[in-house]
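Let the hints inform the model, and build the full structure from the sequences given.
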Amino acid sequence: MKKFLEILLITTMLLFFSLSCREEVIEPNIFVENVNDPVQLNERNSYTFLLNANSFSMDLTVFPFINSSRSRISVTLIDYQAGYAKLTIQDYDNRERYTYFAAEDISLYTDIIDGYIPESVIIRTEDFSGKIKIELRKSL
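Sequential numbering of the sequence shown, starting at 1, is according to the working numbering.
Rather than coming from a laboratory, the hints here were simulated on the basis of the structure.
A portion of the hints provided could be inaccurate.
Unchecked claim - With a straight-line cut-off of 20 Å between C-alpha atoms, the simulated EDC-like cross-links for lysine to aspartate or glutamate are:
hint, residue 1, residue 2
1, K86, E96
2, K86, D111
3, K131, D37
Bear in mind the structure is a predicted one, so any value in this text is a computation, not a measurement.
Okay, structure coming up:
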């Protein structure tokens, strides 16, 4: 009987852990497979944008759930071929407070945004071909 309860407990725990795994977690340096289909993860104090593009143009405005006046922005661009990607961050007064322009391979660009809370993130691509990852996170 004791052995049966141990097996039941272990099986239940394994089942619980496997079912509680988050499917939307994307490992570092892994880009999406679908072409021209952006992936966004917008969670509390964290925003991630992934795009595998081929001659793709878009304008996207996102309102991240970041409540800190100190954030870290990170951009990675690999397999760049053409076009550009532009990132703009606005504050609550709709003033452009941060702009980043990407048109070449970037293994990792990172910067601190300090002194305002990001209200919106605007991502624009024009005839863009490459794989880009943009992350905005609360920083301590």
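Evaluation of the provided hints:
Restraint check for K86 and E96: the C-alpha separation of about 13 Å stays at or below 20 Å, so the hint holds. With a CA separation close to 15 Å, the supplied pair K86 and D111 stays within the 20 Å bound. A hinted pair counts as satisfied when its Cα atoms are at most 20 Å apart, and K131 with D37 qualifies at roughly 11 Å.
In summary, the structure agrees with every hint in the numbered list given earlier.
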